[in-house]
Amino acid sequence: MTSELDIFVGNTTLIDEDVYRLWLDGYSVTDAVALRVRSGILEQTGATAAVLQSDTMDHYRTFHMLERLLHAPPKLLHQLIFQIPPSRQALLIERYYAFDEAFVWEVLGKKLSKGTKKDLDDISTKTGITLKSCRRQFDNFKRVFKVVEEMRGSLVDNIQQHFLLSDRLARDYAAIVFFANNRFETGKKKLQYLSFGDFAFCAELMIQNGTLGAVDSQMDDMDMDLDKEFLQDMKELKVLAADKDLLDLHKSLVCTALLGKLGVFSEMEANFKNLSRGLVNVAAKLTHNKDVRDLFVDLVEKFVEPCRSDHWPLSDVRFFLNQYSASVHSLDGFRHQALWDRYMGTLRGCLLRLYHD
Amino acid sequence: MPGKLKVKIVAGRHLPVMDRASDLTDAFVEVKFGNTTFKTDVYLKSLNPQWNSEWFKFEVDDEDLQDEPLQITVLDHDTYSANDAIGKVYIDIDPLLYSEAATVISGWFPIYDTIHGIRGEINVVVKVDLFNDLNRFRQSSCGVKFFCTTSIPKCYRAVIIHGFVEELVVNEDPEYQWIDRIRTPRASNEARQRLISLMSGELQRKIGLKVLEMRGNAVVGYLQCFDLEGESGLVVRAIGTACTLDKLSSPAAFLPACNSPSKEMKESPLVHPPSHGCRSTHNSPIHTATGSRLTQNFSVSVPTLIYTGMGSGSAGKEGGPFKALLRQQTQSALEQREFPFFTLTAFPPGFLVHVGGVVSARSVKLLDRIHNPDEPETRDAWWAEIRQEIKSHAKALGCHAVVGYSESTSICEEVCILSASGTAAVLNPRFLQDGTVEGCLEQRLEENLSTRCGFCHIPYDELNMPFPAHLTYCYNCRKQKVPDVLFTTIDLPTDATVIGKGCLIQARLCRLKKKAQAEANATAISNLLPFMEYEVHTQLMNKLKLKGMNALFGLRIQITVGENMLMGLASATGVYLAALPTPGGIQIAGKTPNDGSYEQHISHMQKKINDTIAKNKELYEINPPEISEEIIGSPIPEPRQRSRLLRSQSESSDEVTELDLSHGKKDAFVLEIDDTDAMEDVHSLLTDVPPPSGFYSCNTEIMPGINNWTSEIQMFTSVRVIRLSSLNLTNQALNKNFNDLCENLLKSLYFKLRSMIPCCLCHVNFTVSLPEDELIQVTVTAVAITFDKNQALQTTKTSVEKSLQRASTDNEELLQFPLELCSDSLPSHPFPPVKATSVDYSSFADRCSSWIELIKLKAQTIRRGSIKTTVTVEKASPVGDGNFRNRSAPPCANSTVGVVKMTPLSFIPGAKITKYLGIINMFFIRETTSLREEGGVSGFLHAFIAEVFAMVRAHVAALGGNAVVSYIMKQCVFMENPNKNQAQCLINVSGDAVVFVRESDLEVVSSQQPTTNCQSSCTEGEVTT
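In order, the protein sequence lines correspond to chains A and B. Position one of the first sequence corresponds to residue 1 (the working numbering), numbered consecutively onward. Position one of the second sequence corresponds to residue 1 (the working numbering), numbered consecutively onward.
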């Protein structure tokens, strides 16, 4: 006696959260059944393995049918085939678009093209995430990227509107899209200590301040690209590092203000010129795509690492950056105050976030 | 011009990409009704076209309005080649034809293609302007309401319950026409879908005509089925119960929007101008020499010819005045022989006086091509024969009526088993004739309706019992006799006193049969049938005893025929009726008393059985009050002998009667284990596992003993097909496979629905089919309803207490016929369901006719309608629509799809049905030539059933409804050919579209209040008198 056909269709589509997770994690039906057995469900319910197998198959089939709709979540809301309560719809979408930290690390800042897809095998081996799950996550990134790529207006809003994600998840996707678009280098060993959250935080600040959309929301452009004009203008900041008088004056202003307030004052004093030069040069170099990509590497190399090696506490870093950025206003010979504020506003936030072990 | 149909095509969405180059579609729509077609403009390059068409207007006969579906085809425009069809939507406009149902059909419909499934949606608005017709000889029956619900619909009151209506139409199956060899599968499927839709419409119209003739205004318990007879054709048949219903909110009796003035016509039958044709003026299928039944005259094989208009339409018009005259003459004789059948399973209080037991009849027929559908020798005669048999069985049980009546078929190649079953009953005549509000009240008071136990009392004469039964005095009133067990096909009467809870009881049986041809095959099957039926009943009886219960409700026995086997599946809900005696236990008797180990084995088995009974009693909370022997009095006729069930009569020995029946005064049910077969049977009794705790199941509308439903419901369909491992199977192995299949299916359901605990699976409906030699297919549809556990316990307790206090009498024996039985032809089965008894027909017919005349006498006269346009058309969408949209609109504002509930029950727990919008009766075919790509057979069928649900919901939503009640999947025919990567499935579903309002949302006191008040006052009155 073999089962040829075995289906269960409810007027309200049954969604088992546990099975959904197993499916999303890319387990085969057999593996999923084994995992469910291990969870002790048989003892709890008195069911048999055959029942579990049939149930798992059913859910997998349903998810498979739903997947097409999940690729365009608004379709899931308007479709008539599956009657699913709204809260469940939201859960389906949110979980489908959720991603693993380990995975996102591997593809963050990489070009989301087919070429990378071939590397999914390697990522899967490296991270222990099933290839199926990797593929889903990668395809999600790519799909979101493709949809919002050419769109105007707020990146987060666009993502939220087209994929009905929660605010948090939409922000994460905005970061992923932003990183992929600007191809920021995140894979260097130096950056390994950073979490996806750190990058996402920086991405958000950069989208808020560093893109065209940030200056003028009415502009016919989008949040994805950095404001080229702004980057060009930042060349002007170079004077802060190049002009020795200006640099000295800046240093003395900062030192005066921080005297006695900083635990690592002497280290700061000794390193001021290096740090300042580093930060200013990062800004001035951003006209080149290559340098944009290396932004995070540069920030860590030029600022985070020196400070960390001197054991600056985070509070001191905050004091310093505040003062460092504010003191420029007192530099009479410097004309690009607005530009500086826009740059440092973003940079200060990013550096504070990046500064940890 | 009786009607104007107006259609507007608004927009489409989610259309498939038809042009690969642009990834877009140039869509346009064809709207077809009858032979008229309109087209929208082509909306270029869009998957979400906005056509916003003008109103397409069709001026049509109401006859066509009833028969024809509106057909909407979405196509992709192609400049160079033929336009590609995207898919179709069929809309049944029948609900727009009665004044109080839906006024507009408006909404998003899935665009369906028989090859690709659902491909996007289309927004359509449909309205009908209906004029009343002065022509009194018209063929339409607009205004007659149809309900699938097998009880009086919730917001109506039955004024008169007229009785049985039936009709069938036949045609050639397009799938088997020569043209099918050259046309595409899509064209063939569509031809079939369309033909069945047409035939359904026609059938409904004809049934409607019969109802109007009986001066009713509605059909309740409407059940339409189609038989795919393959080469021999396609039969669509329907049965129902004609009623005159009165809307509860409106005091005046409801009159159909366009009444057929049948009264006048009957009075002057001979003045019919012949040009108006002759209508079928009788309402029962009797084959006289005239043989002029209209149904039989429907012989058009090409569907497009049927609706060419009034003049040339159905061949029935050829009859001429002579036939009309003949028909008139036979009229009165026909009426006398009407079948007193009712498809209802639940009744107004007081309607059911006594219940006799289940009556069923089966007949094996060889199908022959329907060469000439005008010939009287057709399917109709077969059914008439079976109905006669049922009628005679009922009479043998001392009953004048059959309730809970249903008919079914099972076809395999050219052999067809026709089955009919019902419950013989004695009804209260008053409900069948008169029913003004005052009358009802008065009657209830004066009749002293103590129906709490009355329906259990035997309707037959105890000295001339139709079968050996064990009678005792009723445990409730102690005045009348009751049988020891009661089997019925109806729902448990609401006022019946039940102890504990009920449970689903199934008997499952397979019998191998040699492959044979034609007559030899039919004979083999007929020979097997009585044995199967006998065994099914034995199993049911054993299982019932094992559960410690004494009555079965909702019994449905299905016999399915296959190439090399017969399957029997009986489902019912077992309960413990307080009025019936406590069932005895089951006693096992061994045949080889000398063998010690064997003896031990037997006693071990006996212990197991006793334990199971004790466990079940606890599980279902069956603790009947102990009643001392003196009160009951001694059982009447030698009980032991009668209640003994012998497996094989030849081997019955005296030893058995010597056994000490350890269950004391109650006599036990003895099972003799004389061979391995019997052993297997006993084993199989014990293999049925009870549902996990927190779960209950039943196949009736509601679970006896649970009455505090909460609002969560989940309707589902589950299908399983198993392939039997080898060809040389034994009956035992087959039985085991089948048993496992059903048990595993139930287990899966319990597991899947575990999140709803505590809950009850209601209306569990199993259907078995044998699509191929080694395949068994089981389809289950049911609804899971949650309930509040704590409250449940309390209410059952109180109800039991109450029932104990109540001492009621039942002197009423209204309209009970004295029995005239040929005692020599008593069947040997020791239980109510009887097969084949020979009965004196004529005397019964006489009595019956007087009864029917009594009913007819007081039938209400129906006023003739004058010309009147139904002005509801311009109204905005119905109130209910708006209501439910707002209510069920999720907090997530994006969602636009309203929730539509589906349930096989006639009600929605925690809600009140405020409006019936019309019947939903849909037929779909789905075919694939890429089975593997669609996920194999499971993927294919899963998607298809989901699509069917979606289409039903969309139609209900478009009617302005938010639920389907009495939903039933009548057919699910699945065929596969994995080698060719092909599969095909046909599904037929029906139900009633309704608007419901949550009880918690009802600010105004429901109109149900007065009824309950009245009822309680009535019962009080009873007690005092």
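Please keep in mind that the hints were generated in silico from the structure rather than gathered at the bench. Ideal Cβ positions, reconstructed from N, Cα and C, are used throughout, including at glycine. Check each hint, because a few of them may be wrong.
Stated by the list, open to error - Derived list of chain B stretches under chain A, where covered just means 3 residues or more per stretch with a C-beta under 8 Å from a C-beta of chain A:
id: 1; region: 709-717
id: 2; region: 897-906
id: 3; region: 981-988
Stated by the list, open to error - Residues of chain A clear of chain B, computed beta-carbon distances all greater than 10 Å:
id: 4; residue: Ala47
id: 5; residue: Leu247
id: 6; residue: Lys251
As the list claims (entries may be wrong) - Derived DSS-like pairs (lysine-lysine); straight-line CA-CA distance at most 30 Å:
id: 7; chain 1: B; residue 1: Lys515; chain 2: B; residue 2: Lys365
id: 8; chain 1: A; residue 1: Lys235; chain 2: A; residue 2: Lys251
id: 9; chain 1: A; residue 1: Lys75; chain 2: B; residue 2: Lys514
id: 10; chain 1: A; residue 1: Lys228; chain 2: A; residue 2: Lys190
id: 11; chain 1: B; residue 1: Lys8; chain 2: A; residue 2: Lys75
id: 12; chain 1: B; residue 1: Lys479; chain 2: B; residue 2: Lys365
id: 13; chain 1: A; residue 1: Lys75; chain 2: B; residue 2: Lys617
id: 14; chain 1: A; residue 1: Lys142; chain 2: A; residue 2: Lys188
id: 15; chain 1: A; residue 1: Lys244; chain 2: A; residue 2: Lys189
id: 16; chain 1: A; residue 1: Lys126; chain 2: A; residue 2: Lys75
id: 17; chain 1: A; residue 1: Lys302; chain 2: A; residue 2: Lys228
id: 18; chain 1: B; residue 1: Lys45; chain 2: A; residue 2: Lys146
id: 19; chain 1: A; residue 1: Lys111; chain 2: A; residue 2: Lys251
id: 20; chain 1: A; residue 1: Lys142; chain 2: B; residue 2: Lys154
id: 21; chain 1: B; residue 1: Lys514; chain 2: B; residue 2: Lys39
A quick look at each hint next to the structure:
Figure legend: the region 709-717 of chain B, annotated as covered by chain A; annotation consistent (4 residues with Cβ-Cβ distances under 8 Å, at least 3 required). With a cut-off of 8 Å between beta carbons, the region 897-906 of chain B has 5 residues touching chain A; three or more are needed, and the interface restraint holds. Taking a C-beta to C-beta cut-off of 8 Å, the region 981-988 of chain B contributes 0 residues in contact with chain A, too few for the three needed, and the coverage statement is violated. Its beta-carbon lying about 5 Å from the closest one in chain B, Ala47 (chain A) breaks the requirement of being farther than 10 Å from that chain.
Every Cβ of chain B is farther than 10 Å from the Cβ of Leu247 (chain A); the closest lies at roughly 55 Å, confirming the non-interface assignment. The non-interface label for Lys251 (chain A) is consistent with chain B: the shortest C-beta to C-beta separation is roughly 56 Å, beyond 10 Å. Between Lys515 (chain B) and Lys365 (chain B) the alpha-carbon distance is near 16 Å, which keeps this suggested pair within the 30 Å criterion. Under the criterion of a C-alpha separation no larger than 30 Å, the hint pairing Lys235 (chain A) with Lys251 (chain A) is consistent with the structure, at around 21 Å.
At roughly 53 Å between alpha-carbon atoms, Lys75 (chain A) and Lys514 (chain B) are farther apart than 30 Å, so this suggested pair is violated. At most 30 Å may separate the alpha-carbon atoms for a hinted pair to count; Lys228 (chain A) and Lys190 (chain A) meet this at roughly 27 Å. Annotation: proposed proximity of Lys8 (chain B) to Lys75 (chain A) holds, straight-line Cα distance about 24 Å (limit 30 Å). With a C-alpha separation of about 46 Å, the suggested pairing of Lys479 (chain B) with Lys365 (chain B) is violated against the 30 Å cut-off.
Distance hint between Lys75 (chain A) and Lys617 (chain B) is unfulfilled; the C-alpha atoms sit about 51 Å from each other, more than 30 Å. For the suggested pair Lys142 (chain A) and Lys188 (chain A), the alpha carbons sit about 23 Å apart, so the restraint of at most 30 Å is met. For the hint linking Lys244 (chain A) to Lys189 (chain A), the alpha-carbon distance of about 34 Å lies beyond 30 Å, and the restraint is violated. Restraint check: the Cα-Cα separation between Lys126 (chain A) and Lys75 (chain A) comes to about 35 Å, which exceeds 30 Å; the hinted pair is violated.
Of the pairs offered as hints, the one joining Lys302 (chain A) and Lys228 (chain A) holds, with about 23 Å between alpha carbons and a cut-off of 30 Å not exceeded. Taking the CA atoms of Lys45 (chain B) and Lys146 (chain A), the gap is about 21 Å. The hint holds against a cut of 30 Å. For the hint pairing Lys111 (chain A) with Lys251 (chain A), the CA-to-CA distance comes to about 41 Å; that exceeds 30 Å, so the pair is violated. For the hint pairing Lys142 (chain A) with Lys154 (chain B), the CA-to-CA distance comes to about 54 Å; that exceeds 30 Å, so the pair is violated.
For the hint pairing Lys514 (chain B) with Lys39 (chain B), the CA-to-CA distance comes to about 56 Å; that exceeds 30 Å, so the pair is violated.
Of the hints listed earlier, those the structure fails to meet are numbers 3, 4, 9, 12, 13, 15, 16, 19, 20, 21, in rising order.
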